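**Q** Here the protein sequences line up with chains H and Z, keeping their order. Each residue of the first sequence is one higher than the one before, starting from 1 at the first, in UniProt numbering. Each residue of the second sequence is one higher than the one before, starting from 1 at the first, in UniProt numbering.
Keep in mind that the hints are not guaranteed to be accurate.
What the hints assert, rightly or not - Partial list, computed: chain Z residues near chain H (C-beta under 8 Å):
#1 196
#2 200
#3 214
#4 225
#5 236
#6 280
Derived from the structure by calculation, the hints contain no laboratory data. Note that the structure is a prediction, hence the values are computed from the model and not measured. We put the beta carbon where it would ideally sit given N, CA and C, even for glycine.
Number of protein chains: 2
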Amino acid sequence: MSDLEAVLAHVDVQAHDYVARLMEYVRQPSISAQRIGMDEAAMLACDIISERLGMEAELLPTAGFPCILARHGPIPDKPTVLIYGHYDVQPPEPYEAWLSPPFEPTIRNGRVYARGVGDNKAQHFAHILALEAWHTVHGSFPCNVILMLEGEEEVGSPNLAGFVREHRERLAADFVVISDGHLHESGQPVICFGNRGFVSFELHARTGSRDAHSGNFGGVMPNAIWSLVHLLGTMKNADGYITIAGLHDQVVPPSNRERAATDALPVDLGAVQSTLGFRAIDRPEDRPYYDRLMFHPTLTINGLHGGYEGEGSKAVIPATAFAKCDMRLVSGQTPEYVMRCVADHVHAFAPDVEFRPLQGTPPARTPIDSPYATYLIEAVRAVCGSKPLIQASLGATLPTHVFSTILGLPTFLLPFANADEANHAPNENISIDCFMSGIRISAALFAALGRSIRMTRKDPSHDPDNLRSG
Amino acid sequence: MSDLEAVLAHVDVQAHDYVARLMEYVRQPSISAQRIGMDEAAMLACDIISERLGMEAELLPTAGFPCILARHGPIPDKPTVLIYGHYDVQPPEPYEAWLSPPFEPTIRNGRVYARGVGDNKAQHFAHILALEAWHTVHGSFPCNVILMLEGEEEVGSPNLAGFVREHRERLAADFVVISDGHLHESGQPVICFGNRGFVSFELHARTGSRDAHSGNFGGVMPNAIWSLVHLLGTMKNADGYITIAGLHDQVVPPSNRERAATDALPVDLGAVQSTLGFRAIDRPEDRPYYDRLMFHPTLTINGLHGGYEGEGSKAVIPATAFAKCDMRLVSGQTPEYVMRCVADHVHAFAPDVEFRPLQGTPPARTPIDSPYATYLIEAVRAVCGSKPLIQASLGATLPTHVFSTILGLPTFLLPFANADEANHAPNENISIDCFMSGIRISAALFAALGRSIRMTRKDPSHDPDNLRSG
Ligand SMILES: [Zn+2]
Ligand SMILES: [Zn+2]
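So that you can see chain H by itself, here it is in the shape it has in the complex (with noise of 0.2 Å):
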């Protein structure tokens, strides 16, 4: 029997202990937004790491809600990965759509069903409990680990750049492991090797100082949603294109591998069609379904509203009318250069149209072929049978860049929960087979890692060249 062996047969008797303590941890509430629970569940999350585990964890404050970091290590001449995750959680509103409360933790068929238990408790918990059965079992861990827990994911990580830049010394790590988000929809796991950034805006149209009369002054005066319509239909045409001048100039494309991997990807365009009711796959109607969510930036109007709203109709021409809109990027794109674009595009186009900017989040990608990734493709198969899903980029933002930009580290996204894990909504929930084998592939994970040599902190995977040469 193998170390490794050995740790998974432990797992597997402790099963329904673990599930009881998962209960216990996501009992707690922590909702960050509404500064809900906070200090008790930081304090519950030390303690767990610090009374199994043979680590010392830290509580460290930041401008907001504190950090937690622990540090087994350093064995010389082993790799140090980084775990990230986060103890805050979502609002769980609206109450009476739980069928059982969100913080009175609930098993029907299968599932344990309480607010955070998906997004993200039991991901970095299962973490912990990998890393508690290595000790348990073997009274050492294999390799070197960094656990760190931020309370602010679910809010924006406003704090979590400065952090991560102050604490860069106790962060040294060869590689960071987020086990966030589902698995892939079709259940066959997958590892993300970056996600899209983000921007969003707002467009204010003012065309005069009170609504008027459409027929007494219908051709004279100026309609602040006709001037929004008109500015919104030089961002992006018909036909779906962005046409934003210079938006699309940093964009990398995708490299050989990214491609052939992308390829690869089983769709099921009608799983998602039936998921959300829509008809037609939104233009341009020539694109890959994984290419519309890695390498194609977006714009996206969240919210348009001017003029009159209720039953009937009112002859008014709104003097006033915003837009809220959103951009994902890709590979390559600056939050700030895109700004500056759609900034300038707003001005050439509609000088009268206020822009406001709102928030920025970079992209974040590394490379495919990054030789960190084997370990997390071997830990897989070793527990699974079969090599995990490779996907370049999620469609959505997570503060990646953080740990891949800012300390410059290959970043993967391992995650662990079901697809249908109802993240940020009612009834979320894991899947207790999800649960068990995120145990399995962590704790494989860092058998993987026991097996290897440290490599030499010039591997080109950190080259950030590299990134952009596709």
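Since the structure of chain H is already known, use the hints to place chain Z with the ligands on it.
**A** Relative to the frame of chain H, chain Z with the ligands by itself:
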């Protein structure tokens, strides 16, 4: 002293009494939209007409609130004028914005303040008092008069066309005078020969069964707001031209006389700009001011709503959005044809967007060389000392087509109210000077008709071809 001079001298003597009686008349609420005071107001108007004019006013039922009809004559060989007004008023809300309660008429600075005093009670009451003055001074009227008051003008006159069709014989007249609206902004009296028509409709986009996350599905799930933005962009371009196929086909350009009259209208764009607080006039930029309100159809977005409306940003792809629109129609256009053009356009450019037609009212236009206009011009000159301005059309919409199209009669708007009457708004008012001047102009109009001999009905101004020939 002429017959008219005797009447005008009597009017001067009665001025104080007339204002007091106007205040009694407007004290009675008659809010058609809220079904408040309608019966009492109709009875009151009937009594006023029947008691002192030597006419018998009848209350005639409709499917809604009744119409009041009174007729003097026929005196053979004398022309018959049909005077149309409405005894219903707009809802007075918001009450707190009124300096004196809307149904407690109050005099301040030479004006009577009350809901409905300008729109339309003082204006048709001026005609009633002019008739009363003629009857009191001379024991008879110099011409034939039909008085008609409806009770549903402020809710869109839903039963007016049916009423006019049903009582066609009793409404047999030579021409129609409607005293509603206000003097020209310059303070000069004005005669309007028509008004724009109206259609309203809604556009509803649904691109999915629920909103989706802009990261997880941006580029995949179509966006309902983008659907509307791109559709609307095909309906009117950024230069301000309506680009719906066929929409201008019916438009009758102004005749030479309409052109000349329009060019003679005084324009104070600066005053309009400072009232409404806009900088540049609406596009296209190269149109004369009154052409915009008379000779060009408009397409106004009254409201557009979809997606997130709250503070900050929400990363959502909206699955639904709607726009409420109206169009103002000009001479020659029919609501049915225009509605079909819009429906066809929506179907061609955005077959997934639902087109919901709402209301339609045809435009109305009396030939600017109608011989009946001379009576009105004469009356204004007799009282004011100068000719009125001649305006081919109002920008707004009135139910004038019922008289000009269904009855085929030349129809004129002869407004008495001050330009700042604040109709449909708090602190509605009429200046006592305007009210008294209205009584005098009405008396002078009857005098002018009394001096004339009835024209034959085959007068060219009744010929529908004349409307189209330009
Ligand atoms: Zn989350
Ligand atoms: Zn009105």
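**Q** Holds or violated: the hint that residue 236/Z contacts chain H, with Cβ atoms closer than 8 Å.
**A** holds (7 Å)
**Q** Interface hint check: residue 196/Z, Cβ to nearest Cβ on chain H, cutoff 8 Å. Holds or violated?
**A** Nearest chain H Cβ about 6 Å off; hint holds.
**Q** Are residue 225/Z and chain H close enough, Cβ to Cβ, to be under 8 Å, as the hint says?
**A** holds (4 Å)
**Q** Interface hint check: residue 200/Z, Cβ to nearest Cβ on chain H, cutoff 8 Å. Holds or violated?
**A** Interface hint status for residue 200/Z: holds (4 Å vs cutoff 8 Å).
**Q** Answer holds if the nearest beta-carbon of chain H is closer than 8 Å to that of residue 214/Z; otherwise answer violated.
**A** Because about 4 Å separates residue 214/Z from the closest Cβ in chain H, which is inside the 8 Å limit, the hint holds.
**Q** Identify whether the interface hint at residue 280/Z stands, where standing means a beta carbon of chain H within less than 8 Å of its own.
**A** holds (7 Å)
Going down the numbered hints, you'll see the structure goes against none, and every one checks out.
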